[in-house]
Amino acid sequence: MDKKEYIKVLTDQIRCKMARPAVAREIGDHIEDQTAAFMSEGMNRAEAETAAVEEMGNPVETGVELDRIHRPKMPWLMIGLIVILSALSCIFQFLLNREAVKAGAGVFFDSRRQIVFILLGILVMTGVCFADYTRIAARARELLIGLVLLLLLGRNVMGLSVNGAVQWIQLPYGQAVNILIVLMLTVPLYAAVLYRYRGQAQPAVLKSILWMIPGCFLALLCAGLWMVFILYLTYLIVCGTAVYRGWYKVKRKAVLIGTGVLPFAGAGLIWLIGKDYQRERLLFYLSSVAGADERYSDSWPYAMVYVKELLKNSRMFGGGNGIPDISNMPELSDFMLSGVAGYYGIFTAVLLGGALLFLLLRFLWISSRQRNQLGMLMGTGCAVVFLIEAGFYFLNNLGIVYLGNYCPFFSYGGTGTIVTYILLGILLSICRYQDTAPERKTAGSLFGIRRQVKRINIKMFSPDK
Amino acid sequence: MNIDKSLISGSTAMMVLKLLSEKDMYGYEMIEVLRERSQNVFELKAGTLYPLLHGLEGKGMLTSYEKDAGNKIRKYYSITRQGRKLLEEKKGEWEIYSKAVASVLGIVPV
Chain A
1 MDKKEYIKVL TDQIRCKMAR PAVAREIGDH IEDQTAAFMS EGMNRAEAET
51 AAVEEMGNPV ETGVELDRIH RPKMPWLMIG LIVILSALSC IFQFLLNREA
101 VKAGAGVFFD SRRQIVFILL GILVMTGVCF ADYTRIAARA RELLIGLVLL
151 LLLGRNVMGL SVNGAVQWIQ LPYGQAVNIL IVLMLTVPLY AAVLYRYRGQ
201 AQPAVLKSIL WMIPGCFLAL LCAGLWMVFI LYLTYLIVCG TAVYRGWYKV
251 KRKAVLIGTG VLPFAGAGLI WLIGKDYQRE RLLFYLSSVA GADERYSDSW
301 PYAMVYVKEL LKNSRMFGGG NGIPDISNMP ELSDFMLSGV AGYYGIFTAV
351 LLGGALLFLL LRFLWISSRQ RNQLGMLMGT GCAVVFLIEA GFYFLNNLGI
401 VYLGNYCPFF SYGGTGTIVT YILLGILLSI CRYQDTAPER KTAGSLFGIR
451 RQVKRINIKM FSPDK
Chain B
1001 MNIDKSLISG STAMMVLKLL SEKDMYGYEM IEVLRERSQN VFELKAGTLY
1051 PLLHGLEGKG MLTSYEKDAG NKIRKYYSIT RQGRKLLEEK KGEWEIYSKA
1101 VASVLGIVPV
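Chains as they are written, first to last, in the working numbering: chain A, 1 to 465; chain B, 1001 to 1110.
Simulated from the structure, these hints should not be mistaken for lab results.
Some clues are possibly wrong.
To be verified - Derived DSSO-like pairs (lysine-lysine); straight-line CA-CA distance at most 27 angstroms: (1) A:K253 x B:K1067; (2) B:K1059 x A:K17; (3) B:K1075 x A:K249; (4) A:K4 x B:K1072; (5) A:K17 x B:K1045; (6) B:K1023 x B:K1091; (7) A:K73 x B:K1091; (8) A:K3 x B:K1072; (9) B:K1067 x A:K249; (10) B:K1085 x B:K1099; (11) B:K1075 x A:K8; (12) A:K73 x B:K1075; (13) B:K1091 x B:K1059; (14) A:K17 x B:K1023; (15) A:K17 x B:K1067; (16) A:K251 x B:K1099; (17) B:K1067 x A:K8; (18) B:K1075 x A:K3; (19) A:K4 x B:K1075; (20) B:K1075 x B:K1018; (21) B:K1075 x A:K17; (22) A:K249 x B:K1072; (23) A:K3 x B:K1067; (24) A:K8 x B:K1072; (25) B:K1067 x A:K207; (26) B:K1023 x A:K249; (27) A:K3 x B:K1091; (28) A:K308 x A:K102; (29) B:K1023 x B:K1059; (30) A:K8 x B:K1018; (31) A:K4 x B:K1045; (32) B:K1067 x A:K4; (33) B:K1067 x A:K251.
As the list claims (entries may be wrong) - According to the in silico footprint, chain A covers these stretches of chain B (three or more CB under 8 angstroms from chain A): (34) 1057-1067; (35) 1071-1081; (36) 1089-1103.
Everything numeric in this text was worked out from a predicted model, so none of it was measured.
We treat Cβ as the ideally placed atom computed from N, Cα and C, and that holds for glycine.
Make a model of the complete structure from these sequences and hints.
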């Protein structure tokens, strides 16, 4: 048996094809080392290689052992949690919608439509979960730019203007896509772009900052300041994580401090170059945090008054005393948790919020411990964008800040549901392939094109170092 | 020297962890060092070593990275904090076990 045959027999035992190349390379290198050692003892190349292969042991036994280790593992606990949260969110939105209708408000929740989107979303999530996420890195820049350009084109050609802002793309059969929500997909792509700059020096940090522009720019163009905040914060955390993990040859402390200052620089930029209403909105977002409620008391959204009223009268268990008239409460799905607290008790609301937080924090924890660096950063990005959204959603529901942002699971809507499940699919794929995903050195076979990427000699992160 | 395999198998992980606690190494290097240190008693097969290394990496005991060594890119393994903890545990177990065997056989420790 020669070296090639030995490696083939061994790797054929490993069912997960994505794990094979790395194993083949390592075993091949070992045989080469052993061959060189035998040659230095006086054997010719052919004899030395045959002897080296014999030294390796049984290829089938080794392959079977490696197959046992490098097997994709389905994260059933996380899938179970996702299904439970989806069902609970649907049930409570249905119940709250019924209460709102009883109080004389319009219907905000179409249960049949939402169930269809959830089922479709779960189907998409399963498909993404089985896909090899590491292939995304191959064309991350093209995919990110392509996505933003596609949305921009859709906005300009089929844009739907609502209250003066074009945030939707009109599709046939009365469907529409929310551009701001789709921009959440730029987060894993942004992480994959940064992965390509590993091992580079200062210019890589500058490029990383420049790559924040396409997503934020389109969100700003769509007058979605809340999404600009969320994307910008997420990009910064993703970039900061890459710097912290030593991806770039830079002075980490200085760059991290700089990254911490960037949010203020971003707010300052909006203040300086933004329009009057954007400055006003910035002040408004900061008003409650800065304790300037009085100044904005006239414009304080009446929805928040309802939220505070709902919470004030709620009890630990069961319906609250004196539930306010919610017939005029807009976008009730933006306030699902306060609604649940008011109608079904604080305990139920805390359980719901806690379940979401647990799911997202667990995804963040799993992602941060990934050996595959692309998986680590993509997973961190997906979990962080969800966590920031959930955090603001909780603040909205506590009547502290009014950002009116999207929240995974709890917000109603087709685009949000599908985008959420795509990101969840990526997170599940990262969990599934944690023992098999290779660090790609070639551009992969996305669209059937192969491209050589510079070999990077960088030490992978070790928690001890 | 031929040694009963069962005596070796249980302690291989411990020896690999011990080697890596001293410095980062690649697979072939580990086999060589082990052979030298044990005066050719432990002739570990690559077919045993790599599943062990990959398994320990999967459990978070080791991490790996690629490094340019001369003209060749090699995959180096590095022990983690968790791996060091496991090594200490295994050393403790081994000490108890070897003392017990020595005591039963009436071998006086040197």
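Now the hints, each set against the structure:
1. In summary, the hint linking K253 of chain A to K1067 of chain B is supported, as the alpha carbons are separated by about 25 angstroms, within the 27 angstroms threshold.
2. At roughly 21 angstroms between alpha-carbon atoms, K1059 of chain B and K17 of chain A fall within 27 angstroms of each other, so this suggested pair holds.
3. Restraint check for K1075 of chain B and K249 of chain A: the C-alpha separation of about 21 angstroms stays at or below 27 angstroms, so the hint holds.
4. For the given pair, K4 of chain A sits about 19 angstroms from K1072 of chain B by alpha-carbon distance, which is consistent with the 27 angstroms threshold.
5. The suggested pairing of K17 of chain A with K1045 of chain B holds, with an alpha-carbon distance near 24 angstroms, which does not exceed 27 angstroms.
6. For the given pair, K1023 of chain B sits about 18 angstroms from K1091 of chain B by alpha-carbon distance, which is consistent with the 27 angstroms threshold.
7. Our distance criterion of 27 angstroms between C-alpha atoms is broken by K73 of chain A and K1091 of chain B, whose separation comes to about 32 angstroms.
8. Only pairs whose Cα atoms come within 27 angstroms are accepted, and K3 of chain A paired with K1072 of chain B is accepted, the gap being roughly 18 angstroms.
9. Proximity of K1067 of chain B to K249 of chain A is assessed by CA-CA distance (about 16 angstroms); at most 27 angstroms being required, the pair is judged to hold.
10. As the CA atoms of K1085 of chain B and K1099 of chain B are separated by approximately 22 angstroms, the hinted pair is consistent with the 27 angstroms bound.
11. As the CA atoms of K1075 of chain B and K8 of chain A are separated by approximately 20 angstroms, the hinted pair is consistent with the 27 angstroms bound.
12. Taking the CA atoms of K73 of chain A and K1075 of chain B, the gap is about 24 angstroms. The hint holds against a cut of 27 angstroms.
13. Restraint check for K1091 of chain B and K1059 of chain B: the C-alpha separation of about 19 angstroms stays at or below 27 angstroms, so the hint holds.
14. Our distance criterion of 27 angstroms between C-alpha atoms is broken by K17 of chain A and K1023 of chain B, whose separation comes to about 32 angstroms.
15. Distance restraint check for K17 of chain A and K1067 of chain B: the Cα-Cα separation of roughly 24 angstroms lies within the 27 angstroms cut-off, and the hinted pair is therefore satisfied.
16. Among the hinted pairs, K251 of chain A with K1099 of chain B is inconsistent with the structure: their alpha-carbon atoms are about 51 angstroms apart, more than 27 angstroms.
17. Straight-line distance between C-alpha atoms of K1067 of chain B and K8 of chain A comes to about 25 angstroms, which keeps the hinted pair within the 27 angstroms bound.
18. With a C-alpha separation of about 19 angstroms, the suggested pair K1075 of chain B and K3 of chain A falls inside the 27 angstroms cut-off, and the hint holds.
19. About 20 angstroms separates the Cα atoms of K4 of chain A and K1075 of chain B, which keeps this hinted pair within 27 angstroms; it holds.
20. With a CA separation close to 18 angstroms, the supplied pair K1075 of chain B and K1018 of chain B stays within the 27 angstroms bound.
21. With a CA separation close to 20 angstroms, the supplied pair K1075 of chain B and K17 of chain A stays within the 27 angstroms bound.
22. Taking the CA atoms of K249 of chain A and K1072 of chain B, the gap is near 22 angstroms; set against the 27 angstroms cutoff, the hint holds.
23. Between K3 of chain A and K1067 of chain B the alpha-carbon distance is near 23 angstroms, which keeps this suggested pair within the 27 angstroms criterion.
24. Simply put, K8 of chain A and K1072 of chain B have alpha-carbon atoms about 22 angstroms apart, close enough for the 27 angstroms limit, and the pair holds.
25. Taking the CA atoms of K1067 of chain B and K207 of chain A, the gap is near 26 angstroms; set against the 27 angstroms cutoff, the hint holds.
26. Our distance criterion of 27 angstroms between C-alpha atoms is met by K1023 of chain B and K249 of chain A, whose separation comes to about 24 angstroms.
27. The suggested pairing of K3 of chain A with K1091 of chain B is violated, with an alpha-carbon distance near 37 angstroms, which exceeds 27 angstroms.
28. The hinted pair formed by K308 of chain A and K102 of chain A meets the criterion: a straight-line CA distance of about 21 angstroms does not exceed 27 angstroms.
29. With a C-alpha separation of about 20 angstroms, the suggested pairing of K1023 of chain B with K1059 of chain B holds against the 27 angstroms cut-off.
30. Between K8 of chain A and K1018 of chain B, the direct Cα distance comes to roughly 32 angstroms. Violation of the 27 angstroms bound is thereby established for this hinted pair.
31. Between K4 of chain A and K1045 of chain B the CA atoms are separated by roughly 18 angstroms; this keeps the pair inside 27 angstroms, and the hint holds.
32. Restraint check for K1067 of chain B and K4 of chain A: satisfied, since their Cα atoms lie roughly 24 angstroms apart, inside the 27 angstroms limit.
33. Among the hinted pairs, K1067 of chain B with K251 of chain A is consistent with the structure: their alpha-carbon atoms are about 22 angstroms apart, no more than 27 angstroms.
34. Only when three residues or more bring their CB closer than 8 angstroms to a CB of chain A does the claim for the segment 1057-1067 of chain B stand; here the count is 8, and the claim holds.
35. With 8 residues bearing a CB less than 8 angstroms from a CB of chain A, the segment 1071-1081 of chain B meets the requirement of three and the coverage assertion stands.
36. Check on the segment 1089-1103 of chain B: 0 of its residues sit with their Cβ under 8 angstroms from a Cβ of chain A, so the three-residue criterion for coverage is violated.
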